[in-house]
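Top line first, the protein sequences correspond to chains Z and G.
Position one of the first sequence corresponds to residue 1 (our numbering), numbered consecutively onward.
Position one of the second sequence corresponds to residue 1001 (our numbering), numbered consecutively onward.
Careful, some of the hints might be misleading.
[Stated by the list, open to error] Selected chain Z positions facing chain G (Cβ under 7 Å, derived; list incomplete): (1) 22; (2) 88; (3) 230; (4) 253; (5) 255.
Because the hints were derived from the structure by calculation, they are not lab data.
These figures come from a predicted structure and were not determined experimentally.
All C-beta atoms, glycine included, are put in the ideal place defined by N, C-alpha and C.
If you want the building blocks of each chain, they are given just below.
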Amino acid sequence: MPRPNFLFTCVAYFCMALLYVPSLAVVVFSFNNSRYGLSWRGFTFSWYEKLFSNELILEATRNSLIVACISTVVATVLGTMLALGLHRVTFPKSLNWLFKLFINLPIVVPDIIMAVALTMAFGFFRTFSSVFDMGFFTLILSHVTFQISFVTLVVRSRLATMDDDIELAASDLNATAYYRFRHLTLPLLAPSIIAGAMLAFTLSLDDFIISFFTHGPDSVTLPIFIYASLKRGITPEIHALSTMMLTVTVLLVILAERLSRLVTKKSEAKVEKEREKLGLPPKAKEGRGAGDAGPGGVITG
Amino acid sequence: MKFPSFLKAPRGDLKKQLVGFSIAFPALVCLTAFLAIPCLGLVLISFAQRGEFGEIQWVLSFENYKRLIGFSLYGWSPDFLLIMLRSLREAFFTTLACILLSYPLAFFIAGRKTAFGRLVWLILLNVPFCTNIVIRTYAWQLILSPNTPLALLCSFLGITSPGSALYPGTAAVYLGMITTFLPFTALPLYAAVERMNWHLVLAAKDLYASRFKIFFEAIFPQTVHGLFAGIIITFVPAMAMYVVTDILGGAKYMLIGNLIQLQFSQSRDWPFGATLSLALMVLTLLSFALFRTTRLTKDSSLY
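With the rest of the complex left out, here is chain G:
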């Protein structure tokens, strides 16, 4: 039963607005003071300089931005740009692998016959989602150390020399990344797959559509929302990752996250750290914008 709209209090009622704001006030203060303003403050600090003892010197300079694109005292080198590029590549391949694994996984879970079966599989996906990332990553360290069955298999196949560990290295980093982010991609995708209308797929089958066509015409458009949600919450944190690379990648494996962390620990160079954070922020916003527009165009072409 719905009341006619004239019975409802007008939404723009000033008193109601004020009450609303005062209820929300404490949380808004917290978010503003500790997050929104500091995020804007990053811009200010990125124009400052590191003092001799790691303090912030308030002199306006573009030094940090020059450094970011590779100009330093010793001439031009693309190191920082390469690190950013590597972060993007890392995030891209991690997301891709997660998608490739998530589709079959989501369909498998949706295909369980009983509600209980689905629940168990969902809990199985949820547990790693809630497990601490440090524990999950060092668990890989354990599996990949020398003389474990996996390491023995690899040396037997001639991939590695006998007695050596499988980490640190690129493969180890990817393993860590994929297992960290698999639930991030799979859970939203499953939510979409569960709500799918299978009549479309059946109709496509009846009309002898190829498997390829069934996927792209009947399944993909229905799951694209979940997929993009999954991609966003995988790609963005994967780009900023530093725990996995730190533990499984060794000292020379740098992503932008590691670089930022370095500026705030050993180097004590807050201004350059702020500049790097801004760069990461720009990449984040760009990926959001990208997926937003793609989603809209996809939707309009669908119906």
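This is chain Z alone, in the form it adopts within the complex:
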């Protein structure tokens, strides 16, 4: 890879400026000691103190976390099951694309159409049961519906690259289906399941459009709260709240990165042990090494 020239470097830093300057401004003004206007009036933590005594914000935070946690757990289980199930099913070629479209519908379809579809579905089911009145239940259900596809996508991409020989060897040695699942499939899939869960969690915390359509008065989440505050007029409290959310996002991204590496290493070690037990040769790793070396390796080599 040739060294990037001056122009490319400029564009890269310009992009970062576009992406980060507005958010940094929010962070700066969350410490500004003035309720109105944008002039700097000295440093203060008072907006953060107010934040923690604001009942509405605390409730929205709680709602966001409850929805994200429950929906992530449900969607991860269902999504993994879907991926495992689909691994066993073969479709006639002519129907395959339709089924693929169906599974990936939440990824393919724009958010707002999904929101509309969910609103209509809940509207229809409401005629049978009041459980479907807009509220926590509908909100969680709608999050689960779009998270499933993302979890399945991540897990399936791992399943596709997994080879069956270790499973076959185990079943030849009369390992039970449970043993194979617990000691072979699950450790192998663990990194992708965790990656899928992290993705689902972030998507749920982040989601605005679908939540906006399917939430009820008792289940206002943070993005909806901020959006509603924008219509009433921004206060520095909102800056403080946004700063906290930005911080959480940064931490989540870094955590996801670290975690995925750690779990990948662990699961590889575990599977290597099982292979040894089964008398299979250790798995060659040439496929990964080339990718990790990056484009620089090709040129210098």
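Take the given structure of chain Z and dock chain G to it, following the hints.
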């Protein structure tokens, strides 16, 4: 080590299929009941009418479709068609700008010397990708309000009158859109650039190809997959965008997303909302189809 194929269980094994389906069943039910059927239901509802109190009246009519193409009680007006056209234009220019920024960015990141450097830049791209869109958009509102350094610069240059804000307006919407979707385009493109075979570029250079030729003959074909993936995940949501236009565009700035949202909030006109959603769906599927065919033809001409 691979087992010979006759040792493997036959794939079409009926029991295996059944087990597979039963494992997948709960998720399939969820996707069917809340998504697939309602999406098809959009078609049904689009033929219904809005009742007096915003309820759905099940009378078969083409009224909504007539309205979509501009016929109303007061004669023909192209308003809705213009809004759709504007959504397409908006999405097109956003995608174009994102591509123009993403190529240098992707090459810059791939050109970092250490793996750690690349990782840091990737995380820098990933953070906005995961940041809430409402926060990112209102952050622009803050930057573009009156008397910020940027607003002062603009009034100094004579672009705006002193003391006025830079939003709502078209420029503000584009800024919001581009920053929202830049990571969407840049991340898949980077994945392609990282896997590029640089020998081709070097060979082209050795043979004194022009910069233009190097890009279109050696770089573009190798990155076209990532590029099209990026274009799809940028163009489709950009077309359906309503948060950015709502916050930065002001009340009169309508895209099809805003129009749909309006039907489900103030207007309470679900049937027309369903018709608009269908129109958006058609546009989405068309863009998918377009990029699919282009990709295939490009591939076959490559090798």
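task: Would you pick out the hints that fail for this structure and give their numbers low to high?
output: Of the numbered hints, just 5 does not hold.
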